[in-house]
Amino acid sequence: MTPQIGYGGDYNPEQWPREVWDDDYAALKLAGINTVTVGVFAWAHLQPAEDRYDFSTLDAIVARATAEGMRIVLATPSGAMPPWLAHKYPEACRVDFEGRRHVYGQRHNACPSSPDFRRLSVAMAGRLAERYGDNPAVVAWHVGNEYGGACWCPRCGEAFREWLGERYGSLDRLNDAWNTTFWSHTFTDWAEIQPPNMLSEHWRGPDHTAFQGITLDYKRFMSDALLGGFVAEKAAIREHSAHTPVTTNMMGLYQPIDYHRWAPHLDFASWDNYPPEDPSASRTAARMALAHRLMRGLRDGEPFWVMEQTPSVTASRNVNSVKRPGVLRLWSWQSVAHGADAVLYFQLRQSRGACEKYHGAVLDHAGRTDTRVFREVSEVGSEFARVGDAVLGARTPARVALLVDWDSWWAVEMSDGPNRNVRYMDVLTAYHRTLWQANASLDVVPVTADLSGYDVVVAPLLHMVKGDLAERVTAFVDAGGTFVTTALSGRVDEDDNAFLTDVPGPFASLLGLRVEETDAQQPDVVNPVTLFGTEYEGRHVFEVVIPDDAEVLGTYGADFYAGTPAVTRAARGRGSAWYVATLLDDAGVATVVRKALDEHGLVGPLADVPDVEVTERVSPDGTRHLFVLNHGEARTVECPVGGTNLLDGRALRAGDKVDLPPAAVLVIRQDQ
Amino acid sequence: MTPQIGYGGDYNPEQWPREVWDDDYAALKLAGINTVTVGVFAWAHLQPAEDRYDFSTLDAIVARATAEGMRIVLATPSGAMPPWLAHKYPEACRVDFEGRRHVYGQRHNACPSSPDFRRLSVAMAGRLAERYGDNPAVVAWHVGNEYGGACWCPRCGEAFREWLGERYGSLDRLNDAWNTTFWSHTFTDWAEIQPPNMLSEHWRGPDHTAFQGITLDYKRFMSDALLGGFVAEKAAIREHSAHTPVTTNMMGLYQPIDYHRWAPHLDFASWDNYPPEDPSASRTAARMALAHRLMRGLRDGEPFWVMEQTPSVTASRNVNSVKRPGVLRLWSWQSVAHGADAVLYFQLRQSRGACEKYHGAVLDHAGRTDTRVFREVSEVGSEFARVGDAVLGARTPARVALLVDWDSWWAVEMSDGPNRNVRYMDVLTAYHRTLWQANASLDVVPVTADLSGYDVVVAPLLHMVKGDLAERVTAFVDAGGTFVTTALSGRVDEDDNAFLTDVPGPFASLLGLRVEETDAQQPDVVNPVTLFGTEYEGRHVFEVVIPDDAEVLGTYGADFYAGTPAVTRAARGRGSAWYVATLLDDAGVATVVRKALDEHGLVGPLADVPDVEVTERVSPDGTRHLFVLNHGEARTVECPVGGTNLLDGRALRAGDKVDLPPAAVLVIRQDQ
Amino acid sequence: MTPQIGYGGDYNPEQWPREVWDDDYAALKLAGINTVTVGVFAWAHLQPAEDRYDFSTLDAIVARATAEGMRIVLATPSGAMPPWLAHKYPEACRVDFEGRRHVYGQRHNACPSSPDFRRLSVAMAGRLAERYGDNPAVVAWHVGNEYGGACWCPRCGEAFREWLGERYGSLDRLNDAWNTTFWSHTFTDWAEIQPPNMLSEHWRGPDHTAFQGITLDYKRFMSDALLGGFVAEKAAIREHSAHTPVTTNMMGLYQPIDYHRWAPHLDFASWDNYPPEDPSASRTAARMALAHRLMRGLRDGEPFWVMEQTPSVTASRNVNSVKRPGVLRLWSWQSVAHGADAVLYFQLRQSRGACEKYHGAVLDHAGRTDTRVFREVSEVGSEFARVGDAVLGARTPARVALLVDWDSWWAVEMSDGPNRNVRYMDVLTAYHRTLWQANASLDVVPVTADLSGYDVVVAPLLHMVKGDLAERVTAFVDAGGTFVTTALSGRVDEDDNAFLTDVPGPFASLLGLRVEETDAQQPDVVNPVTLFGTEYEGRHVFEVVIPDDAEVLGTYGADFYAGTPAVTRAARGRGSAWYVATLLDDAGVATVVRKALDEHGLVGPLADVPDVEVTERVSPDGTRHLFVLNHGEARTVECPVGGTNLLDGRALRAGDKVDLPPAAVLVIRQDQ
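Chains as they are written, first to last, in the UniProt record's numbering: chain X, 1 to 672; chain B, 1 to 672; chain A, 1 to 672.
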């Protein structure tokens, strides 16, 4: 196989008669497809009963795909258990947040603590690896599917207590972490601890808990418990397939699982790109860029895969619009622009029945190849072929980091007070959008990342401060870095207990201020913030700041704290530390972030052309490719570099006027 | 008893001391009441313990009603079980959609699969028939009450599996019907099949299912299971009462039960008319007309009964407004105008306590006969008496048919994709409203109806195409008929699996087009559709149509499919087939429907007078009565026919100017 | 201890290391704190296992507080059970309205019918009383905490049946009370009766029940069941502490518990003042005033305590704003102005973790005493010290009564029909607001109160008429009183069964009218009511009134009942009876209420100065203190009395111009 961008998607020939397979391959070749993901959800097919396996169909599927020259992504089927399993082992089904034991149905339905499910899923993974592990067409293992959800069954309760035992060692330490003297919760026996749900600590739903510490630990535990299934299947695969990389398809900005805890166990990252509908194309583009960067950041910048995207429509939304002409191509290239080495679809042939029968596919129910969708799929396939292996393995250098922390995400959204309308992802995406529009060279990394390679670190809602983070941030600033953080940062320690010091806790001295009060208001209440002479809108939370030696850059315009600081900057060592004490509107955020980037000259190319995205990938041999993507209206821009647009072979000089129609894509191999 | 329109209502003397009975009959006579429904919900009274019956009060009630010359509708009490039954047989209570076993409470609360409930309810029906079956005053049997709801208990699970066994014969066929290779659902043992609810295939509620086929079959099964109770009680009645007709009070446009599956088992149709509050009087009127027609269509056009309506207010709504002056009379006559031979109230005397104590009644808590409500009830009674038997048994000839299909209703609303904001009844009522305003001679019939007697067939959202429907529609068009259908029609087969052909499946060739894509948009997004030179609004779904030989009559005005077909018409044989590829606004629907009616000269009288409804009933002897009802403002109209208004004895010539004040009613016996 | 207004709050030193205690007392002294509430939620600390008690920490806490000269409010810890209790006795946990047994979590979580919980909580109360009952620093016992919620477990079912047995004596009487002939509900065995919840009589939630009588009785039962726990703990305390008063912290306008049933068992009333956020400061002030008056009315006008208020923010709301400068002082004085002899905070030191870690406190996480909040707390402390014992024990004479009735509150909100948008508290607060703005001398009392001491009685939504109420109201009017009531009054008897007479039942003849119909409309529908020449807005319900000898003062302007009475007044004996047949807007309510007050010259001082509240307390020796509180903008007013403002020592003559800045407070000791 010639190395080239992976292109293909989920393929379930076991759902179709053999004559359809011939049509499929004829069409897929037309479309430039080179990769098929097989075996997802095929468990009932592969193992019709606990004591009976039947690989005959999968053998034929793999043989045919191999014969057709496809690269095969081979999935373990554990994303959906077969009916016989649930029937024989009812405790393999989950207990939900309401405390109800489920019976058989849907998918992603297995309790991660069920020994029977574990045994059977791992056995299946091992058998698949044993049977297909030495087929060189198998280029990757795809374990399970979109891990997610949670279980609150008694067995998970037991596993939770074991997990807590390992984490805390003693009940005294656990009682301290959870602050159980509050409301008479001191646990005197491990057995007293219950999974936190609507029958115990919660009311009104998953975000309302009496004991944040218990719920936080359950989220951590459940993320680990699900990971346990992945790790066990991977180990079974490794017994027969020593080198083929193993991944699972993640879901980008997905709150329930801490992908940073998963990252070390993946051989490469992959994810499913289904952005929520948003009337703003550039907001959607920026959101996808954030997810791509988060996924890339899991494995320290290594290329990742887009394991799924839809060629046309989704089916699971209330309203499912079709991708407009050119959008499929634009988004496919955006994936590559951010570091994807493969872009796959769900799915190659449209389902006949059940809840995804209207989900888009490369081939529709009639199997036509003369549709708009098929034509656009083929165009992308043809461009990927043209570009060949040019960007494979290339990485994206970055001098700016955006910190993401699942613990802070969880903690800030389940906090009682000050304001439940503050949503972590709203604030994160607002700060990211301005970095995206600035075309800054950006990594999205965990709080444990080494900050020393960056010049600017942006950390909105860094609510929880764990380990040596404050020390590392301080060192980063001392060494010349610019640090930007916001309201509600520095509030709690790893156990979600308040720091018994001035707010913002370990950042107070770095930022040169203390927060005396935190006001909160309804979403329609605006407090105007004047910043560098311009007025912006602050909303939701308004911290009353007592500056120490921080410079006051912006002030509130209203309420009893009018005239007090809303934005500050403290010079520290060779660097600076910015604080934004309220949630600013987009323009306000942009002003702060641009100033921070300016301190290091890190505003990127075409930053002032709305909706035009520019990224770079640098190959191991030093070749640089610049991607220019237009998510908005037609624009004419100056080419930021000299080189050759690989998509049309045209030579471009830096400064050349280039027309960018809507959905335009340039892939410029830069002159050395 | 002189034959005359049945007039009366639910009457529960067992809830009142005997002295009240005297007052009741004095008042009811004043009001012209001739019919009483007794025994509804009287189970605890009739059978205070499993081994003890007590008919003494009912004997007295029946004797008194008989003595007063009333016609008696005798109800079986199975609509609400007594406390002792639930206490002794807890499994007679239902398990709800959340999987919770209910205990005693409310009504309509019995599991249809409970053998104990079945045994006891059937025994009761038999005893009632044995005791009162030869009383000639008993003119009808009323089994249970407003059958509805559903149960998801283990016994229903068993019954479901039996039902499936009969339907499919083999698991292979069932797996194919449900497309179970998707998500590893292949069933290998009947016992693995679970009732679909929140503990199995559903999330977010009854409309969101992972497997449409399973949920669809459960709806069919539950409709049949409830019917099973009716059929068993009817059989017990028939052992002692060979000829008295048996019915149950249905609920019109009621989604959970497929009344077309029930119709063959009813001796006549009857229903309860409680239209939802709607600020538009004519929308309400049209909605009631649709329900009347649907009920009339159950038994091939035979007269039906309105078993319940409120004389003034409901109590179960959040906001319960009183019927405005004249409305009771107008709606009562509307019932007759559409084929009712009886119009009854819930209830004759207002309840003293519990959840219907504020529900309206002919007699209020004080028993007054000098209230507005009592006066209006009496006026109707007096008019019914005046009209006598003139329209009894008369039928309504129709050349236009509107197709209603519960399977399509269920399927389109539980579909994942393209748009959950599409509600079957919204679209059906929109198409019906324009037929109603056109005063077309209209039947509302199932998809199995013989179409050969119609000139125009309108079939909105005919999502599912079952049996030989496509062939029959094609034959209808070939023979000169006009067929009108819409977006989302022709999508799935009887199992809710997509047709593996061009959309709209078996209608594609008849309509002369294929649908390549289906776009969906939020409710506030409009795509203007230009049709015969006028612009209308399309919403929700926008199918991208590739016409074959269909004539393009309307086109989209916006988006990437601007200029492509939105409304088409294909000439076929001697007829034509229309397709509306989006959901048009009312004016757009009216334009299409009027054109279709015009092809056959079927626009009815006074079609251009807003809110004036005209219907006709033709007696077996050929006498024709025209009903003219004004649901809007005062109008002066030209009398469409010559004849005599039975309500005031006035002679009218065709073309005479007639003043129609608000709520006016004419019942014109037409000159021969 | 010098007698003085109690000032302090909840204090949990057991949650902190000893060194923090020193800081606490140093700070609390600075702030003028003289009272600490200890022991709330300390159960797990005091009794780490069923067979092990440990009072060592509480001993130290009490000793230290005593040594510091604090008055101690000693709490029993039964508001939150320890984990071991729930683990050992799972049936001590509640079953919720959905029928789910809860496991350990949160607080206020014990089943009131659990014998184990009862035994253990009572034993604990007894031990505390035994140990600390003779400490003279202990000035009050505080049993449990914010009693509330409910349980629907089988044991509560049993207890409910026993309670019913005592209430009704026989099933016949119960069947009559519940009107069980409706829907076949006749109970033939006590064991058939189920707690009413989502598994029995309810749908859509707690307000929707098939049998109002059952649900109403369950509310009464549950209020009594919770009271049973209080009474039992109090009895255990009394064995060792004969004279120290016992209370519990109530919650003001709290629907689930009928505080009038509790009142006789309290030695003094106390409550927690957390008004819901309302953008209108004066609405909030009036609402708090209503709650203060309701609490004062529990014990016939005796002084009460504010047991909790927040010094700054809450944490449990979605949006938690800080109290603006001056508000803490204003509201603290408002409490005193309405009869509070103590004003306490939750809490003295801010929690470190769990769901109240962001709830405000006198001392924040850093323990600072230089914050705005601490300064304001200290200012109040200093003013309380200045005023000393001047108003302690003083009472508030009143000639106007507002009737509050939990049964009516419950009944009207769970009624099916006429309008679920009618909320008891909305109407009550609307009538109260105008009495509040009028600075009328007002009591808020139960329907059982002696009315003979009042001149005006206002009774909105007096839905249920119990006992001899109608007779007492009639006697009150005959004797010269003015009675004002509204739509939906006089509808049902004590069992929630309709009166079988004209509406409004026993008030019809007093009011000189009957209500023939009750129309209801959506919230946006207005029917204009012309009253004394001015037009006001009526909404929600519109009763059609047939006047007998009542004078018509206001009429509807629209709909078919335009021109008919909307407001009437009947002269009776030496008094008058007003009826408002719709829900008027605030201005309309004010017009009616002012007229009624005017009949007796009871409009109070400064009634026409918006947002300025005036109340009076009269000491046993006859000294009168007038409180003037400005909840709005700056105003200059004429001093209504001569005297001395205790807060600044300034002498004031009646008629003096006094500037009232926002949040101004005057406490004027009146010249004799």
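Calculated directly from the structure, the hints in this document are not laboratory data.
Some hints could be false.
Unchecked claim - The calculated lysine to aspartate or glutamate pairs, modelled on EDC-like cross-linking and capped at a C-alpha distance of 20 Å, are: (1) A:K88 x X:E158; (2) A:K88 x X:D207; (3) B:K595 x B:D478; (4) B:K88 x A:D189.
Going through the hints against the structure:
1. Restraint check for A:K88 and X:E158: the C-alpha separation of about 17 Å stays at or below 20 Å, so the hint holds.
2. The straight-line distance between the Cα atoms of A:K88 and X:D207 is roughly 29 Å, outside the 20 Å bound, and the hint therefore fails.
3. Between B:K595 and B:D478, the direct Cα distance comes to roughly 18 Å. Compliance with the 20 Å bound is thereby established for this hinted pair.
4. Our distance criterion of 20 Å between C-alpha atoms is met by B:K88 and A:D189, whose separation comes to about 11 Å.
Hint 2 from the earlier list is the only one contradicted by this structure; the remaining hints agree with it.
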